[in-house]
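Asker: Keeping their order, the protein sequence lines are chains A and B. Residue 228 in our numbering sits at position 228 of the first sequence, with consecutive numbering throughout. Residue 356 in our numbering sits at position 356 of the second sequence, with consecutive numbering throughout.
Please keep in mind that the hints were generated in silico from the structure rather than gathered at the bench. The structure displayed is predicted, hence computed values, not measured ones. Misleading hints may appear alongside valid ones.
Where chains are identical, the list cannot tell them apart; a pair therefore holds if satisfied intra-copy or between any two copies.
Claimed, not checked - Lysine to aspartate or glutamate pairs mimicking EDC-like chemistry, simulated, CA-CA at most 20 Å apart:
no., residue 1, residue 2
1, K192, E211
2, K30, E120
3, K146, D374
4, K146, D180
5, K157, D327
6, K192, E358
7, K30, D64
8, K275, E287
9, K30, D79
10, K85, D100
11, K275, E328
12, K192, E120
13, K85, D292
14, K146, E120
15, K300, E106
16, K22, D231
17, K10, E328
18, K192, E279
19, K275, D374
20, K10, D310
21, K192, E307
22, K85, E29
2 protein chains.
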Amino acid sequence: MLEQMGQAAKAASYQLALLSSKEKNRVLEKIADYLETEAQQILTANEQDLLEARRNGLSEAMLDRLALTPARLTAIASDVRQVCKLADPVGQVIDGGLLDSGLRIERRRVPLGVIGVIYEARPNVTVDVASLCLKTGNAAILRGGKETWRTNAATVKVIQQALEECGVPAGAVQAIESPDRALVSEMLRMDKYIDMLIPRGGAGLHQLCREQSTIPVITGGIGVCHIFVDDTAEIAPALNIIVNAKTQRPSTCNTVETLLVHQGIAAHFLPALSKQMAESGVTLHAENNALDALKSGPAKVIAVQPEEYDNEFLSLDLNVKVVADLDEAIAHIRQHGTQHSDAILTRTIGNANRFVNEVDSSAVYVNASTRFTDGGQFGLGAEVAVSTQKLHARGPMGLEALTTYKWIGFGDDTIRA
Amino acid sequence: MLEQMGQAAKAASYQLALLSSKEKNRVLEKIADYLETEAQQILTANEQDLLEARRNGLSEAMLDRLALTPARLTAIASDVRQVCKLADPVGQVIDGGLLDSGLRIERRRVPLGVIGVIYEARPNVTVDVASLCLKTGNAAILRGGKETWRTNAATVKVIQQALEECGVPAGAVQAIESPDRALVSEMLRMDKYIDMLIPRGGAGLHQLCREQSTIPVITGGIGVCHIFVDDTAEIAPALNIIVNAKTQRPSTCNTVETLLVHQGIAAHFLPALSKQMAESGVTLHAENNALDALKSGPAKVIAVQPEEYDNEFLSLDLNVKVVADLDEAIAHIRQHGTQHSDAILTRTIGNANRFVNEVDSSAVYVNASTRFTDGGQFGLGAEVAVSTQKLHARGPMGLEALTTYKWIGFGDDTIRA
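Generate coordinates for the entire structure from the input sequences, incorporating the hints supplied.
Answerer: Here is the structure:
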């Protein structure tokens with residue numbers, strides 16, 4: 001079955017690569033329309049998924065993530081219409097020139113081909129990913145969370161109706177419509193058909209893909225992010241940034257998880273931190289060298305467990321450690337970070353420069369919140385994923401990350417000397 | 001042992017990332033000098049490797065590939081000095097701007113970190129790869145062919161002398177100094193330390209890396225390249241290009257392996273081809289539909305075996321098949337090509353455009369030889385590998401392909417709204 005899907009996707013990708021931006025936008029608009037006019041089939045499938053999820057004892061919070069309503073579908077359709085407005089990177093000439101040999105070359109931006117996406121339960125991802133792939137002329141093979149497989153299948157059916165209405169083969173967007181986990185392993189070995197694999201999920205999914213996939217994988221989305229409070233930081237703005245980085249949306253990967261505090265400022269800073277964190281409802285997980293100072297403050301504080309430096313809390317919890325200097329802070333980040341987003345708060349320009357140069361993360365910040373690491377915030381218009389690897393794309397991935405280039409050589413019966 | 005090498009490489013990479021172009025060039029010059037002044041230890045090790053290779057019955061051609069001489073070492077040192085002259089991409093600002101939030105961002109080009117390279121017997125690759133990695137501020141872990149492990153170890157020892165002389169840790173360039181093949185499998189799982197893996201070898205090595213590596217891999221270097229002779233091609237220049245693409249250096253990956261001939265020109269073209277190929281010493285492997293016409297010509301011709309459409313000859317052999325039209329040519333290339341380099345010879349602009357747009361290869365040519373796919377020819381100054389995958393880099397990889405970027409956000413106590 002997957003073999004057939006791969007063949008259909010590859011065949012569709014050849015057609016998609018030839019579409020103009022206008023033609024691709026027409027497809028997207030049709031999808032948005034159909035998501036509204038054909039909403040009932042998607043909502044019915046979603047009800048069945050919710051029924052089963054409830055039987056399986058999923059939490060109310062989880063059920064809410066899975067649930068679609070007419071209003072949510074309208075919002076999803078509206079997102080698709082937004083994608084129409086984005087600039088299409090396909091066809092751009094990146095660079096080129098005339099070689100001494102007489103050959104004229106250019107590097108032209110082209111679609112990747114077929115993109116595989118494996119994601120967790122949220123059903124809006126299906127439309128989100130499909131629209132970004134189509135916008136860049138790529139076919140997509142989607143494998144959503146097993147809890148919403150009926151919703152995803154119904155959504156893709158509606159998308160395929162819209163595709164065929166516009167003369168684009170249904171193979172351009174396909175979903176693996178089975179909750180069978182063995183199909184994931186099979187998908188990971190489809191390097192003959194899939195050009196890039198994007199896992200969107202937790203650390204376990206990323207590790208599975210890294211270990212089993214024969215397709216190039218983009219891993220990311222895991223953020224153990226740090227803020228280093230230097231001895232010249234100003235306390236009030238520093239606390240403001242920390243509150244933003246920790247509490248604005250704690251479940252995201254760019255949320256700060258560990259605060260490293262220069263020993264030169266700790267005596268002043270830690271009491272103020274405790275007061276602010278008590279107000280913000282944040283529980284502190286303190287290293288021994290910060291524990292005493294924090295214990296006398298109003299915030300809830302417990303001793304940090306060593307493994308907590310390596311994991312995302314994704315909750316209102318924050319590690320706090322006093323460090324001797326910038327060197328120790330950088331060493332800690334190198335050991336425990338996930339190369340996602342890290343910040344320094346300082347008034348010392350030399351330390352800011354050192355932090356920027358020496359911390360090897362996708363995004364490094366000076367006197368700013370780690371929460372900025374986001375395609376929308378960075379002006380990319382959309383975000384397919386946040387890469388924490390170094391190949392192909394790093395940090396927030398916009399439409400350009402869904403493309404590659406080809407070298408084109410125009411000769412005049414030109415041979416190599 | 002590999003764990004220690006990984007740690008040393010990662011630590012060295014942090015130092016290398018901070019070096020200026022001038023400092024890196026100083027290291028390269030010192031390496032070039034030492035390759036000449038310390039030549040004797042490398043030549044002695046090479047003699048031992050050759051002795052064993054001869055005992056193991058390697059062919060004279062292979063022995064010649066393995067052999068180093070003072071003259072060859074001088075040429076290698078001279079190549080290192082050439083790398084000094086290349087522009088250093090590290091530190092470039094790719095793009096940037098001021099966001100609505102007040103955050104100023106830039107994307108800055110930085111080294112990848114640690115690059116792993118697995119290569120076959122040729123001992124010059126050791127120095128070649130090491131110098132390109134150092135130029136871009138990367139550490140390298142090298143695993144050369146087992147036939148030259150003593151030569152590689154001695155070469156790396158000389159490189160490390162030069163590194164330490166310049167205050168750069170020896171961990172910046174390390175070789176796995178054992179012919180044990182199990183170490184390759186171990187190396188492929190060092191994703192904690194190695195940021196990118198480049199296999200330089202045959203299809204077997206690439207498949208091994210694709211299947212076993214948990215490190216992002218650049219695969220490539222396998223070229224089943226095609227030339228399509230359209231019905232409007234001019235015969236004399238077409239033959240000139242085919243001779244260049246087939247015979248200039250048959251053992252390279254950008255050499256043409258299959259000729260697809262439009263049926264509208266076959267009757268005129270095949271007799272002329274036979275004559276030219278006889279002169280050039282090329283054996284034709286003909287599809288049935290070309291066999292009769294070719295049999296009456298002077299060139300050596302045999303019936304093609306189906307699997308020959310999927311393999312590199314790397315010799316003076318060429319498949320020939322008559323196709324009905326451009327569509328059949330494109331379909332053949334999609335089925336049998338390796339997305340390396342493919343060319344159309346035509347005087348019809350519409351067909352040239354279709355070929356360029358519809359053939360999904362790293363390099364596509366109009367009226368030019370496939371032999372141009374090369375970092376030097378494309379003006380990249382150097383070539384680390386030729387990628388036939390679509391992520392990160394496609395086609396010839398120059399220094400830029402050994403870098404990634406980081407996002408840097410400069411705030412003024414800036415938080416996300």
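Asker: Under a CA distance limit of 20 Å, which applies to K146 and D180: within one copy, between copies, both, or neither?
Answerer: Answer is within: at 8 Å inside a copy they meet the 20 Å cutoff, but 44 Å across does not.
Asker: Between K275 and E328, at a C-alpha cutoff of 20 Å, which is it: within one copy, between copies, both, or neither?
Answerer: Neither way: K275 and E328 sit 26 Å apart in one copy and 74 Å across, limit 20 Å.
Asker: Given identical chains, is K30 near D64, meaning Cα to Cα at most 20 Å, within a copy, between copies, both, or neither?
Answerer: neither (28 Å within a copy, 64 Å between copies)
Asker: Can you give me the call for K22 and D231, within, between, both or neither, at a CA distance of at most 20 Å?
Answerer: neither (55 Å within a copy, 33 Å between copies)
Asker: Should K192 paired with E307 be assigned to within, between, both, or neither, using CA atoms and 20 Å as the limit?
Answerer: Answer is between; shortest inter-copy Cα gap is 17 Å, intra-copy 39 Å.
Asker: One pair to classify: K146 and E120, alpha carbons no more than 20 Å apart. Within, between, both, or neither?
Answerer: For K146 and E120, only the intra-copy Cα distance (8 Å) is at most 20 Å; the inter-copy one is 45 Å.
Asker: For K146 vs D374, is the C-alpha pair at or below 20 Å within one copy, between two copies, both, or neither?
Answerer: neither (27 Å within a copy, 46 Å between copies)
Asker: Which holds for K85 with D292 at a C-alpha limit of 20 Å: within a copy, between copies, both or neither?
Answerer: neither (54 Å within a copy, 57 Å between copies)
Asker: Is the C-alpha distance from K157 to D327 at most 20 Å within one copy, between copies, in both cases, or in neither?
Answerer: neither (55 Å within a copy, 31 Å between copies)
Asker: Can you tell me if K192 and E358 fall within 20 Å by alpha carbon in one copy, between copies, both or neither?
Answerer: Between copies only: 18 Å across chains, 39 Å inside a chain, cut-off 20 Å.
Asker: Between the shortest in-copy and the shortest cross-copy C-alpha distance, which are at most 20 Å for K275 and E287: within, between, both, or neither?
Answerer: The answer is within: 18 Å in one copy meets 20 Å, while 82 Å across copies does not.
Asker: Classify it for me, K85 with D100: is the Cα-Cα distance of at most 20 Å met within a copy, between copies, both or neither?
Answerer: between (41 Å within a copy, 19 Å between copies)
Comparing the model with each earlier hint shows violations of hints 2, 3, 5, 7, 11, 12, 13, 15, 16, 18 and 19; every other hint is respected.
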